[in-house]
Amino acid sequence: MADYKNEFGWFAERPQVPKKIYNMYTIFIGLAVFVILATSPLWLNAGRVVPPPVPNLDTPAIKALAEKERQCVLPTPEMRATHMQLLIDWRDQVVRTGNRVWVNPSGKKFEPSLSNTCLGCHSNKADFCDQCHNYAAVAPNCWGCHLDKPATAGKMAQAEVK
Amino acid sequence: MGMDRREFIKIAGLSTLFGLGAKSAWELLRPGQVEAALTAGAQPLAAKRWAMVVDMRKLDDATAQRCIEVCHQIHNVPDFSKPVNPKDGVSPEEQIRWQVKWIWTDPYHNAFPGAHQEVMSDRVHHMNFLLLCNHCDNPPCVRVCPTQATFRRADGVVMMDMHRCIGCRYCMAGCPFSARSFNWRDPRPYIKDTYPDYPTREPGMVEKCDFCAKRLAKGQLPACVVESRGALIFGDLTDDKSEVRQTLKQNFTIRRKAHLGTNPQVYYIV
Chain F
851 MADYKNEFGW
861 FAERPQVPKK
871 IYNMYTIFIG
881 LAVFVILATS
891 PLWLNAGRVV
901 PPPVPNLDTP
911 AIKALAEKER
921 QCVLPTPEMR
931 ATHMQLLIDW
941 RDQVVRTGNR
951 VWVNPSGKKF
961 EPSLSNTCLG
971 CHSNKADFCD
981 QCHNYAAVAP
991 NCWGCHLDKP
1001 ATAGKMAQAE
1011 VK
Chain P
56 MGMDRREFIK
66 IAGLSTLFGL
76 GAKSAWELLR
86 PGQVEAALTA
96 GAQPLAAKRW
106 AMVVDMRKLD
116 DATAQRCIEV
126 CHQIHNVPDF
136 SKPVNPKDGV
146 SPEEQIRWQV
156 KWIWTDPYHN
166 AFPGAHQEVM
176 SDRVHHMNFL
186 LLCNHCDNPP
196 CVRVCPTQAT
206 FRRADGVVMM
216 DMHRCIGCRY
226 CMAGCPFSAR
236 SFNWRDPRPY
246 IKDTYPDYPT
256 REPGMVEKCD
266 FCAKRLAKGQ
276 LPACVVESRG
286 ALIFGDLTDD
296 KSEVRQTLKQ
306 NFTIRRKAHL
316 GTNPQVYYIV
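As you go down the protein sequences, you meet chains F and P in turn. Okay, so the first sequence: first residue is 851 according to the numbering used here, each after it adds one. Okay, so the second sequence: first residue is 56 according to the numbering used here, each after it adds one.
The set of hints was computed from the structure by calculation and includes no laboratory data. Do not rely on the hints blindly, as some may be mistaken.
[Said to hold, decoys possible] Estimated spans, in silico, between C-beta atoms of each pair:
| hint | chain 1 | residue 1 | chain 2 | residue 2 | range |
| --- | --- | --- | --- | --- | --- |
| 1 | F | ILE938 | P | GLN154 | 44 to 50 Å |
| 2 | F | PRO905 | P | ASP143 | 32 to 38 Å |
| 3 | P | ALA209 | F | ASN954 | 47 to 53 Å |
| 4 | P | ALA209 | F | GLY957 | 22 to 28 Å |
| 5 | F | PRO990 | P | THR71 | 49 to 55 Å |
| 6 | F | ILE938 | P | ASP143 | 32 to 38 Å |
| 7 | P | GLU124 | F | VAL953 | 22 to 28 Å |
[Said to hold, decoys possible] Sample of chain P residues lacking proximity to chain F, with all beta carbon distances greater than 10 Å (derived):
| hint | residue |
| --- | --- |
| 8 | LYS65 |
| 9 | VAL125 |
| 10 | HIS127 |
| 11 | GLY222 |
| 12 | ARG224 |
| 13 | PRO251 |
| 14 | ARG256 |
| 15 | ASN306 |
By construction, the Cβ of each residue, glycine as well, lies at the ideal position given by its N, Cα and C atoms.
So here's chain F without its partners, still in its complex pose (with noise of 0.2 Å):
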């Protein structure tokens, strides 16, 4: 064999590097429990059936509607989707803009308020928010500071600024 230089300097030959693995069971015992334990949620929680959230409409407000009357402030699957987003743009409107009447897409007015609007109809809080925030394991920061009461549980019930 050639000459060999590295950083040490010149060898008449490659120095042997013994090829094994030292320590080899401690190692791999430790990454198959690192492994285990880090998947181990997902073992535990196999073929366990979570229940689907069921949101609750029964409540003495909704119930009061006529039936075609019962329609939340935008279709339902809208609501479903990006009731987030229409929340934070009724708080910009309300308190950057001081509007209180929001209007929507077939011009029914309604006053933007999670606690008078939102719950004045859903009045039912642990029934109906709660449910698909737990199944999704989301923890809106509304009720730090909003109520979860209606102010006037019958009188604002029909939330229409009419």
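Given the structure of chain F, go ahead and fit chain P onto it with the hints provided.
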């Protein structure tokens, strides 16, 4: 006298056209406004520049206390000396350190530092001035706020957007009137009767008087003004006929620390 048939039909047609057209014209220019005006129970109060006059000749201590109570009640301001659950009681030092106040009283020395005379009128010396956020024209709190959580509305109300407040307390350092309070603790255990039509706050937020922006939007005067029965006068400073403007014209008034250049908009008649 009288008109012929031709004339009558012409006028009738024109007035029908006008009557039909007016509403659609309104709808075109300001959609929804007609309905809102017709159907909304109360119109919001609007102004170009809200201002307040505190008439200390009419305001006695009992009335001032009532104003403070009603304000703190409808805005869910905690009272750390009155916990809902007795086990949440805090020491007197902490009651002062954590105090949250939107409107409060202070004697002349504290309200108008630097304006003190060597010999003062006894009456003014012992007067308890009703103090609140001055809703300055040039608010230092707004200038220093790093998140624009506090801002000045077009009508002069210096508002707080609690959603955006990060609790840095720059505004408290900036405000020369101590009108701002920080929430060191969760206020809910210290609110006896939670007022349902206003949110509470979370720890880590700064709060202050907002000239009852929510009541103004409903067409009502601020709660303290209503409660004071004439001792507090509230109105539009730009409106020459408003009561505030007339009162300011007829009386000599002083303002708190006006020399600082923040242009406070709460005036005091002593």
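query = So does ALA209 (chain P) sit 22 to 28 Å from GLY957 (chain F), Cβ to Cβ?
reply = holds, 27 Å
request  = Can you let me know if the beta-carbon spacing of PRO990 (chain F) and THR71 (chain P) is within 49 to 55 Å?
outcome  = At 54 Å between Cβs, range holds.
query = Is 44 to 50 Å right for how far apart the beta carbons of ILE938 (chain F) and GLN154 (chain P) are?
reply = Violated - the Cβ-Cβ distance for ILE938 (chain F) and GLN154 (chain P), about 32 Å, lies outside 44 to 50 Å.
key: Pairwise beta carbon distance, ALA209 (chain P) to ASN954 (chain F), judged against the given window 47 to 53 Å   = About 26 Å separates the Cβ atoms of ALA209 (chain P) and ASN954 (chain F), which means 47 to 53 Å is violated.
ask   = Far enough from chain F: is every CB of that chain over 10 Å from the CB of PRO251 (chain P)?
value = violated, 4 Å
key: Distal placement of ARG224 (chain P) relative to chain F, Cβ over 10 Å   = holds, 18 Å
request  = Determine whether the non-interface label on ASN306 (chain P) survives the test: each CB of chain F must be over 10 Å from its CB.
outcome  = About 30 Å separates ASN306 (chain P) from the closest Cβ of chain F, which puts it past 10 Å; holds.
request  = State, for the Cβ atoms of GLU124 (chain P) and VAL953 (chain F), whether the hinted interval 22 to 28 Å holds or is violated.
outcome  = This hint is violated: roughly 38 Å between Cβ atoms.
inquiry  = Beyond 10 Å on every Cβ pair: is that true for LYS65 (chain P) relative to chain F?
reply    = Correct as stated: the minimum Cβ-Cβ distance to chain F is 35 Å, above 10 Å.
task = Determine whether the Cβ-Cβ distance between PRO905 (chain F) and ASP143 (chain P) falls within the hinted range of 32 to 38 Å.
result = Roughly 34 Å apart at Cβ, these two residues keep to the hinted range, so it holds.
ask   = Beyond 10 Å from chain F, beta-carbon-wise, is VAL125 (chain P)?
value = holds, 17 Å
query = Checking the smallest CB distance to chain F, is GLY222 (chain P) really beyond 10 Å?
reply = holds, 13 Å
Checked against the numbered hints above, the structure violates hints 1, 3, 7, 13, 14; every other hint is satisfied.
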